[in-house]
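Colleague: Line order of the protein sequences matches chains U and Y. For the first sequence, the numbering used here begins at 1 and goes up steadily by one. For the second sequence, the numbering used here begins at 1 and goes up steadily by one.
Don't read these hints as lab results, they were simulated from the structure. Not one of these hints is a red herring.
Beta-carbon label-pair distances, calculated as ranges: (1) T4/U <-> P255/Y: 45 to 55 angstroms; (2) R102/U <-> L29/Y: 13 to 23 angstroms; (3) R109/Y <-> F294/U: 51 to 61 angstroms.
Just so you have them, the derived chain U footprint on chain Y, three or more residues with Cβ under 8 angstroms: (4) 46–59; (5) 204–218; (6) 223–237; (7) 401–408; (8) 436–443.
Some, not all, of what chain Y presents toward chain U, calculated at C-beta under 10 angstroms: (9) I40; (10) V354; (11) M412; (12) I413; (13) F414; (14) P416.
Glycine residues also receive a C-beta, built at the ideal position from the N, C-alpha and C atoms.
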Amino acid sequence: MCFTSNFWSLTIDGLNNGFLYALIALGYTLVYGVLQLINFAHSEVVMTGGFAGLFLVTWWVGSTNPSGGMSVATVLVGTLFGAIAGGGIAFLLERVAYRPLRRRNAPRLAFLITAIGASFFLFSLAGKLFGRDAQSLPQLYGNGRVFSVFSGDVRIYDAIVAGTAIVMLIGLDRLVAKTRLGQGIRAVAQDAETASLMGVNIDRIISQTFIIGGLLGGSAGFLLGMGSSVGYTMGFVPGLKAFTAAVLGGIGNIRGAMLGGIVLGLVENWGVTCVRNSWRDVIAFVILVLILMFRPTGILGERLGRSA
Amino acid sequence: MTALDSLSRPVRPGRVHQWVRDARTRRLLGWAVGGVVAAIVTGPEGRLGQPAYSVSHALRPGHLFLCVGLALAVGIAFEVWLRYRGQLVTAAAPARAEVLRTWRRAPVRLATYAVLLVLLIVLPGALLGSYWQGVLVEQIGIYALLALGLNVVVGFAGLLDLGYIAFYAIGAYTTAYFTGALPVHPPFTLNLFFVIPLAVAAAMFAGLILGAPTLRLRGDYLAIVTLGFGEIITILAVNMDSITNGARGAFGIPPFSLHLGPLKYQWGLTSLPYYYLLLIFGAIIFLLFSLLENSRVGRAWTAIREDEVAAQACGIPPVKYKLMAFAIGASTSGFAGVLYASKISYINPSSFTVTFSILVLVFVIFGGMGSLVGSIVGAAVLQTVFAYVRKNNTVDPADIYIYVGALLIVMMIFRPQGIVPSRRRAREIGMAEHGVGSADALAAPVGGPAA
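Chain Y on its own, in the form it takes in the complex (with noise of 0.2 angstroms):
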């Protein structure tokens, strides 16, 4: 079509035009344009019945100056890079194999991890006040392991989940259930770690309730009824009043205890025992996770992904696998709900709007889809950020989700494999823009939808 265009449109010379057409002076153009928009973004908050004031305060010329130039000197410095980049890959890529070389020895790459993991164990207890020390459980911890979780639907069956915040309701209120915290009362209140499996249970349960109808269409009807679901479940956890308590949610959740023989230890208000006890499953989850991405269950995933007919024509079932990596994360979202619910000690359906699926999806983009660390990373990175705003009042915290939307957009414009990119998931994508593969599962079943 392009070739097709440039051949009706008839060619002008001249300097000007050329300049005008020339590929820099678009992008430098684009990121004029994304300056007014980031100022009209950073602007001050509107006013009812004033429709123009935020937009006519947020343009006045030292903001809007400000936000313009600075997005121009970031584009100078890109085209700067750009020109640049070859030269510099070319100059750096003797240590670049270097290093490589270093970090496959097995001996290196275990004592970084081990490094790491010390420092994860002292670090946060040495550096962090109390504030921090929250955010690090009950911002970054649970949020790692949801986008964990999420990772497996997005990343690695390439499907997309908008509602997974309900299942992560759902293993809250089935926690509030047994610890005797809703007005409903369970035949016997049991110890939180036995909590773990029914919730989990709980949550796989409506996964695969959700998924089985869903899963054998179209894979892109699995995001709008997710959106649903997690529309409806707030909805449930409101009107629910008998059940649920209604708005006002369950309170005097316990907090995790352990009581083995001798042993006794109860997890407090604080918030470093808790991170120890997130640390211990995390690694759990994340080696898991790991040992599945390389299982056969991860490599049919993989195919799937890359060209869905060829692996159903090698004896894949797909919406089996489909059904299973959407009842992973259903599960894993459940489990961090158990978590979250006896942290905080009490939960209410305003803690799982829509909005926080949103929220994890984006820690898993910007991480990188199919990326374990990059989950890791995106959570902790961004969870950081909005910790810090929040803590400062630099923006208003329901602003954060215009940054949020915003992020999703460039993120997938830009970079779609994350910051963190998983090598796999960075090729398929690429396959897929040269039209090889799909690199996700959207597509419809081959001969309509299977019965």
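This is chain U alone, in the form it adopts within the complex (with noise of 0.2 angstroms):
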């Protein structure tokens, strides 16, 4: 096979692109969950925060270089204000946009034309606001070798993705099978009209829901500004591919969402070896593909609402 030469480094950057693509996805699975939505601007909020973090961090370190205590300050401020920007705009977006069109019992067409208008408006607005051009992150700490796995390295930018990605998870698989909140989501999901005569106020949950998805996107868009660089339209492929491994897990699964992500990021990472480069966004398509042919419940099938 093509990507036996590589095996163990693609499978560190392939578990790296997946937990990213895991964060992002859950943002999706989420809100497909209460909404029945594919929230095509759920790539715009990854990319409000790349920016987020970006601004705040370049604005902190200035040109100097920081090490020590103050990278970890810096990576985890940054992720952490990538997350609020993510879950601000999201929450935005749902007030602004989905609202209004939910009040009115709209039909889901309007909302999916809703959500590509604002993807574009948003993306566009950025570009025009902040430059066209794709900014670098400051250098936060010397990308040295953690530690090795056969041949493969892992350096600190994939323990950080992994180390945050594992916590985030984990506290919102938590969230959503133990909160009170959770409860919320998982009945809004389940069915809305009946949740709502048990007194969940929908409105509050959903809220609350494209928050969370937007912290998790977010600190996606952060992270994956670290790797490679912010620019205005790098929401747009990790967006459609995060939507596939939600489906590849099961949309409105959340766990299935996580495994999806990490299926997608590995299975990408080696398919890629076997094939040009260029051709790496064609691979996740092909998947997309696939499962609608032949499993379209997705791996662990669709959950809408049950708890993990």
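Two chains, two frames, some hints: make the complex.
Modeller: In structure tokens:
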């Protein structure tokens, strides 16, 4: 096989990408769970997180190269700020674009069109406001080797992504399974009308679902930007892939989105060695069409609203 | 829920409170916020490394006050209109009825259409300069054709296709192939009139391949699959160097030419002959689609949009009809691709990015879903505005998509039926909002995905 020569380093890259896809995919799957809406603008939530983190870190670090505790602090604060910005924009999006439609009980077509409109509005606006060239984050840490798995090096960046993602994924899983908010999200996903009769405040639950998805997506945006660069179209392709990951795992299924993200990341990185690197994005798309053909409910099945 | 909310919230009397909670105040506040957003959107272009530059310059008082003031003025005008709308409508009712009565008479209608057609034939040559003639063909004509096709998908079938331009690309590349403009040479080169059926077939085939696995699932999956396909097609076009000539694209695609016995004509570089060609093709497609709308197929689409379960129970296979709409849309797009390739004579992948799909979508939505006239009006009005803006350089061309996105949101929130609404579609949207039917075909098929 073509990917055997660099197997371990490809696997590590794949896991890295996979964790990021999983973080973004959760935003899609949560919103799909409560609203049955493909939130096309989620890719712009990711972009917003990237820009917010970039600006904060650049302003904070300036032209110095942080080291030691400062490195840790900047990465943490950057991720946190990216997450907050992502959550904020997702909240605004729901309020401004989707809530008026929900109030009116508009057709789902209207939601989808609004979503794609919001996506184009946001990324074109970001391109105008912040410039259209990709911008790099300052170097926050020397990207040294942490440890090796056979021939593959796990670098600090990989460790940061994996650590952040695992913490957030476990946190979300517990939140949905255990807390009152999680119970509300599950109730709305199962049957919104009945949930409202049982005293669940649907508007609040939907808002909070968007915010949670935005927090995850925004932090993924910062982490993505740290790995390559931040630009106004940075969210589009990861967004498509993350949606593929969500479908791969089973849409509406939270653990499915996590699994789907990781599987997609791995398959993509292994598969890309069999074709040219420029075909990378085609792989995810082919996977999407194949799942839809052969297992439309995804690996773990669609489980809208059941606890994790 | 809202009822419960108001029960749990203590009622606080007082004039200020009432004023704040008043719907009109809130609407005006909304207009003011819209004004601020408009100020930011219309501000100067940003600078790299200075994230606050654009916003801070956009929010300097003069510009900000102008934008907010304008927004408030529009808002107040809108409130006045809301207040007197009832009276105006009542006052205008007899005249309106009279106009409608005249309009319904066949001779009057035919005469109007004839006059319109003559104007469409005569005016462009007489009035427009070469820039606007070019706009008329390359921007308005071809995009009106595209919008007509997308209208079948979005308007008639109630599906969402976000990769519509991919089929346009397929049509254009097929044209390039059969005229020998690509690195791979065809077994025979063809006159463009004979390329049309091949390009249409290729686009339709691609549509069927893409639609068949997707449409038996939820309709909304089609949106993301087509979005992905739209992105992939440019990647394919760039990377399949030996076939598509990569990012450089295909050059020297010949114009249309006609050899019918003694009649020989070649469409050249000027726009006007192409305009007439487009007018003929457009008229034929318009006629076909308006027949289609009221045919058995069109009624099946209506039934699926209004209630898919009931339609299925009445023996209409939804997947088949959705696929049909999708394929018809795709082939129209492929057809437009042939015209585009021959008019421009060179194509490259950057002419087929996803952004163009959204552009066509906004024409359909702005004009009115399900309204054929609406699609044409939408393409004509918006493309004229964009062309004007581009010519005078008032707005950076890349910024057009900010307005496109905003327009999609605004239309969906305030006027989902578009500016030239289809009566049936407008009524369906209203019905769906009252809980009857869905006004689209996005629901999952009954009993899970069909095999």
